[in-house]
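Colleague: So you can see what is in the structure, the chains are spelled out below.
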Amino acid sequence: MAASTVAGIFESMEYGPAPESDKPALAWIAQHEASFGHFIGGAWTKPAKGARFDVIDPATGQILAKVAQGSKGDADVAVKAARKALPAWRKLSGHQRARHLYALARSVQRNARLLAVLESMDNGKSIRETRDIDIPLVARHFYHHAGWAQLLETEFPGYHGAGVVGQIIPWNFPLLMLAWKVAPALAAGCTVILKPAEFTPLTALAFAELAAEAGLPPGVLNILTGDGSTGAALVDHPDVDKLAFTGSTDVGRIIRKATAGSGKKLSLELGGKSPFIVFEDADLDSVVEGVVDAIWFNQGQVCCAGSRLLMQEGIADKLVTKLRARMEKLRVGSPLDKAIDMGAIVAPVQLERIRSLVEQGAKDGAELWQPTWAVPKEGCFYPPTLFTNVAPSSTIAQVEIFGPVLVSMSFRTPEEAVALANNTPFGLAASIWSENINLALDVAPKVKAGVVWINCTNLFDAAAGFGGYRESGYGREGGREGMWEYLKADWTGRKPEAGSRKPDNAKKKIVAAKARSSSGLRLPASDASQVDRTPKLFIAGKQARPDSGYSIPIIAANGAHAGDVGDGNRKDIRNAVEAARNAASGWARSTGHNRGQILYYIAENLSARAAEFAARIRDLTGRDGKGEVDATIARLFTYAAWADKWDGQVHQTPIRGVTLAMNEPIGVVGVAAPAEYPLLGFISTIVPAIATGNTVVAIPSQHHPLAVTDFYQVLETSDVPAGVVNIVTGRRDELAKVLAEHDDVDAIWYFGTADGVRACEMASTGNMKQAWCEGFTRDWSGAEQGEGREFLRRATQVKNIWIPYGE
Amino acid sequence: MTAPRHAALKLAGADPDPADERREVPGGHVTRNPGMPLDLDLVLAQRVNRSAVERRAATLPGRRTVKKQWQAAWLLRAVSCIDLTTLSGDDTAGNVRRLCAKAMHPIRPDLERTLGVEQLHITTGAVCVYHQLVAVAVEALAGSNVPVAAVSTGFPAGLSPLATRIAEVKASVAAGAREIDIVITRGHVLTGNWHALYDEVRAFRDACGESHMKTILGTGDLATLTNVARASMVAMMAGADFIKTSTGKEGVNATLPISLVMVRMIREYFEQTGFAIGYKPAGGIRSAKNSLEYLYLMKEELGDRWLRPDLFRFGASGLLTDIERQLEHFATGRYAAAHRQPMV
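Chains G and E are the protein sequences, given in the same order. The first sequence begins at 0 in numbering that gives the first Met the number 0 and counts up by one. The second sequence begins at 0 in numbering that gives the first Met the number 0 and counts up by one.
Chain G on its own, in the form it takes in the complex (with noise of 0.2 Å):
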C-alpha cells in the first residue's frame, strides 16, 4: 500500500506535510524588487554609498532580498530626521500619542499572517511560534503602551521623553524585540532610529511601511539597516539622547565603553545562561513540557532560555528518561510547516558555534543525548541535544550556547541548587519547579535573575518587565519600570548642560596638602584645646587604619588645618567591599521595619550632636551649618519612612496568577558622594541604597570628609550592623574607580566631574554594573532633585516572579 495514500496513512498514522504559504510574502518582497534602502524621515532612502548585502532563508539558503548597509552617513541622516521630527512628535498630547500606538497595535493584527510567515522565512523559526506568540505579542506591546502613552501625564508627572533614541535589536525575536523597543519610546515621546539585526531586517523594514500606512508622522521611526559597524555609527553618533541595545554580553561591553561620560541614557538587555530548577516534589510531566518550552522554543536561540536544568538527586534519573523520550517525539523541519516543533538556526555562523560547543561539550567528559533521528541535511538544523554529568566548571555549563543545547546537573538541597543556580556571570531568568509554594517562593528571591518563573516557563507580557541582573544587564522592557528607561526627569532639562559644575579643584587641593604631608610640615590644628582625634576608615562597623599609613590633611574654609583623614587605597576599598558582601544577605533579608527603625535611630544620634556637626560643617565649608544637619535630619526621616513603603507590584499579565514585581536591592553598592554638602550629599547617596537593603562602599567628600569620619560614631551607637556602610576615605576619582572596576560590586554612583563619570563607566564593564554617575550639580537640598523615589528606582532592581496558580 502506497505511503501517501488515505488507505496507506490509515495505517502508518504518520503527520504529513502542512506548509504555510509562502506567497503573499514573497509577493510582498518582490514589490520592494528584493532591494531595500533605509526607511528614514517616512520614505524609503537609498544608502549613501550604495552597498547592499544578502537576506538569507537559513532554512533553504535561497536569497529572500538585498538590504541595505548603513554607513556613518547614512546613520548620521537617520539621527538628523529623528531629531527633526522630535518636537512635534514630543508636543502630542499623550492622547493623540496613545492614537498614534493604537493604530499600530491594529496594523499589526491586520497584517499579522503577512508578518508571521516574513519572520519565520527570514530567521528560520517556526511558522507557529509566530503565528501564535511572536506577532501577537507584538500586537499586545503596542496595545499596553498606547495605555502608558494615554497615561503619560498623570502617571509620569515631572517626567518627559528621553529625545532621539538610538536602538539595536537581535535576530532571535526581531519583531518582537522592535516591538519591546519601539512602543514605549514612542509612548514616551521619543523619535527613533532603529537598527535590526543583519540577518533579520525584513519585518522591521515591514513594520516601517505599516506604521508609515498607519500614519506615524514621518522621522518618528526611521530604520536603519546593517551590521555591527552601522550600530556603532548609531552609539557613537553625538545626537543620540539614548541607546537601547538587545544582544550579546560582548556587544553590550563595548556600547558601555564607547558611550561611557557621553551622557546617553543606556539600557541593556543582554545575554543568559539560565537556570532550570526542578526539586523532587514537582510535576514531573509537566517538568519535561517546561523543559522543551526553556530550551528547545525558537531552536533554543532564546536570552532567557532554561539552559541549565538543575535536578533534585533523586528524581534525576527518572526525569532525564522522560526527557529522552520527549526528545523522540520533537518534529524539526521547515520552518513553515505548521507540524513541526523546531525551525532553523538562524544561519551557518551560528549553526558552526553551537556544533563546536557541542564538540567541545562532549571532549570535556560530558555525556551526549541526540534523538535517533535526523534532522534535515540541506539548510541550517541542529537536533535537540541533552548533556548530562555536566560539571559545573565545563564550557558548556558556564557559555551561552544560543542553540537547542541543554545541559544538566543534580543538586542535594535547596541551597545548593540555588548556589548552582548562582554560579554564574549572569542573572537574566530562572525556572523553578516544586508543587510546595513555600519552597518556590523562598528560592525565587534568592536566583539572582531579574525574571523567574514558577511553574513555568518563557512567559512574556508587555505588562510585566523583562530584564537582567549582573551581565544580563540593566533596564527593563514593558511594565511601568519599563516606560523609565525612556524618560527623564523634567528639572534636569531646565538645567544648564552637562559639565557646568565649577571647575572641580580638589584635586589641586590635594596635591598641595599631600606635597605638605610629605614634606613632613604639620599645619596649626584649628583647636589646640582638644585632645587629638586620628579619623581612620570605617570597615565591617570598625574603625581601621589606612592600609597606606599616610594621611591627608583637610583645610577648613579659613585655610586653617582642620585635620587628617586616612589615605585610602585599593586594599582598603578591597577589604570594604569584602565587608559589604559579607553583610549583604543578612541585610538585604531584613524587614523594611527594621532598616526603618535604624534609621530613625540614627537621625536621632545624629540630633544629639547637632551643634557639633554644625561646627564642623561650617569650620569645613565657611556656611550654614545648622541648615546641613536639620536637612540631613530630614533626609534621614524620609528613607527612614520609605524603607517599609518602597512595594513592588502586582502586574496584571494574562495568566491565572500573580506576577510579582518586587524590588530587590542590587547588592553592594559602591558610592563616590557628592562634594558639596559634606554631610547631606554623603546621606542623601548611602541612605537611599541601605534603606532599600543594599550594603554600602562610600567615598565621603573629598574636600570635607571630617564631617563623615566624625559621623562613625553616630553609625557605631545606631545598631547598624557591622559592613551595612563601610567609609574609606582619600583620593575620590582613584578609589572611585577602583570600586567600578571590583568584579564584587553590583553598582557604581559617583557625582563628581565630567572625567570621573567616563573613567567610572568605562571601568563598570568588568561585570557589567550598573552604573549611575552624574558629572553636573544637582540641588542636593532640595526634595525634587535630592531625595525620593528616583534615588529608591537607581537602588532597585525589579525582579518578575511569575506564579500561576490553580488545582
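Careful, some of the hints might be misleading.
[What the hints assert, rightly or not] Here are the simulated lysine to any residue pairs, SDA-like style, with alpha carbons at most 20 Å apart:
no., chain 1, residue 1, chain 2, residue 2
1, E, Lys66, G, Thr4
2, G, Lys317, E, Thr64
3, G, Lys337, E, Arg266
4, E, Lys66, G, Ala211
5, G, Lys328, E, Arg62
6, G, Lys337, E, Glu23
7, G, Lys328, E, Pro60
8, G, Lys328, E, Leu306
9, G, Lys337, E, Gln68
10, G, Lys328, E, Leu59
11, G, Lys45, G, Ala211
12, E, Lys67, G, Ala211
13, G, Lys328, E, Tyr334
14, E, Lys288, G, Pro16
15, G, Lys328, E, Arg201
16, G, Lys22, E, Lys66
17, G, Lys317, E, Glu23
These are calculated hints, taken from the structure and not from any lab test. Bear in mind that the values here come from a model prediction, so they are computed numbers and not experimental data.
Starting from the known structure of chain G, arrange chain E on it as the hints suggest.
Modeller: Coordinates of chain E only, in the frame set by chain G:
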C-alpha cells in the same frame, strides 16, 4: 522508583532491561491488565500542576496538524475508534438498530470508493447502550466484528447498592456485552478513600469476566486534576482495561487537560508494570477537528500503538456526522451538509 515494582506482573513481551525504565510497546495483541495490589505510595506520589497541564493542552493543537489525505486518513482512524453511543431515556429497539446499522457502515460507500478505503472495511469501535438494549444491539450487530458495550453499575451516578451494580455487570455480560463501562463512586475519590475505590473497581472487574472493563471516573465531579490522576492510577491497579473520563452526564466531560492527565497516568502505569491500558474520552467531542486533537495527544504522549481501537475510543454520537462532512469535503472539494449524510 527506578525499578518496576511488581516484577511478577511483567509480560513475556515486555522489555525488562533494568537500565531503562521504558518498556516495549506491544505490537499486536494487548495482554490484559491483571491489576496489581493497591500501592498507595505510587498513588499519592502523583502530583499535577494544573496551569502547566493546561498550557500543554492549549498549545498541543497548535503544534500538530494534518492536511489533505493525511487528514482524511486520520479522520477515518477516528471513526474506527468511536464507541457510537446512545444513552437516552427514550432509547428503543428501533433507534438502537439504526445506530448499529450505522456502526457497521459508518462511511458512505461512494465516499469509501473515492477515498480508496473499501478494503479496510471500516466500522466504529463499538456500539454503546444501556443494559436493557444490549440484546437488541447484539442481534443487530451479529456477523460483524463490532462489539457491544454496556454502560453499567447504576450509570451515571453509580450510587445504587453494590450488589445491584455487580449483578448489573453480570447481566450485561450474560446478554452478550463484550465491553462494560462501569462508573466509580466519586465520593471515594473526594474523601480520599482509595481502598474503597480499589475494592469497588476490583469487584466490577471480577464480575466482568472475559468482557473488557472501561472505568468511568466522572472527572467532572472529581474537583482537582490531582484527584483525576490518583483515581486513574487506582482504577488501573484494580484491573481496568480502559480508563474513561465521563458519563457524558456531568457538567464538564472530556477535555484535553483532563485527558492529558489521564494518559500520563497510563504511561506511568505502563512504565511501572508493562501493561498497556486504553483511554476513552467521552462527552463533548463533537467536531472532526476536536477528534484530531485527541489523536495528536495520544500519538505524542503515548505513541502510535494507542491510536487503535483496542487502546483508544471516543465516547461520542454526533462526532461521526461531522467527520463524514469533512471526508466528503475532502472527496469532492465542496463543503458538505449534515442532512446529506445518512442519519445515525
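Colleague: If a hint holds in the structure, say so; if it does not, say that too.
Modeller: Status of each hint after checking the structure:
For the given pair, E:Lys66 sits about 13 Å from G:Thr4 by alpha-carbon distance, which is consistent with the 20 Å threshold. At most 20 Å may separate the alpha-carbon atoms for a hinted pair to count; G:Lys317 and E:Thr64 exceed this at roughly 30 Å. A threshold of 20 Å between alpha carbons decides the hint, and for G:Lys337 with E:Arg266 the separation of about 27 Å lies outside it, so the pair is violated. Using a Cα cut-off of 20 Å, the hinted pair E:Lys66 and G:Ala211 is violated, with the two alpha carbons roughly 38 Å apart.
Of the pairs offered as hints, the one joining G:Lys328 and E:Arg62 holds, with about 12 Å between alpha carbons and a cut-off of 20 Å not exceeded. A hinted pair counts as satisfied when its Cα atoms are at most 20 Å apart, and G:Lys337 with E:Glu23 does not qualify at roughly 30 Å. Among the hinted pairs, G:Lys328 with E:Pro60 is consistent with the structure: their alpha-carbon atoms are about 15 Å apart, no more than 20 Å. For a cut-off of 20 Å, the pair hint linking G:Lys328 to E:Leu306 stands: about 15 Å separates their Cα positions.
Between G:Lys337 and E:Gln68 the CA atoms are separated by roughly 16 Å; this keeps the pair inside 20 Å, and the hint holds. Among the hinted pairs, G:Lys328 with E:Leu59 is consistent with the structure: their alpha-carbon atoms are about 13 Å apart, no more than 20 Å. Using a Cα cut-off of 20 Å, the hinted pair G:Lys45 and G:Ala211 holds, with the two alpha carbons roughly 17 Å apart. At roughly 40 Å between alpha-carbon atoms, E:Lys67 and G:Ala211 are farther apart than 20 Å, so this suggested pair is violated.
Using a Cα cut-off of 20 Å, the hinted pair G:Lys328 and E:Tyr334 is violated, with the two alpha carbons roughly 34 Å apart. As the CA atoms of E:Lys288 and G:Pro16 are separated by approximately 17 Å, the hinted pair is consistent with the 20 Å bound. The hinted pair formed by G:Lys328 and E:Arg201 fails the criterion: a straight-line CA distance of about 35 Å is larger than 20 Å. Only pairs whose Cα atoms come within 20 Å are accepted, and G:Lys22 paired with E:Lys66 is accepted, the gap being roughly 18 Å.
For the given pair, G:Lys317 sits about 17 Å from E:Glu23 by alpha-carbon distance, which is consistent with the 20 Å threshold.
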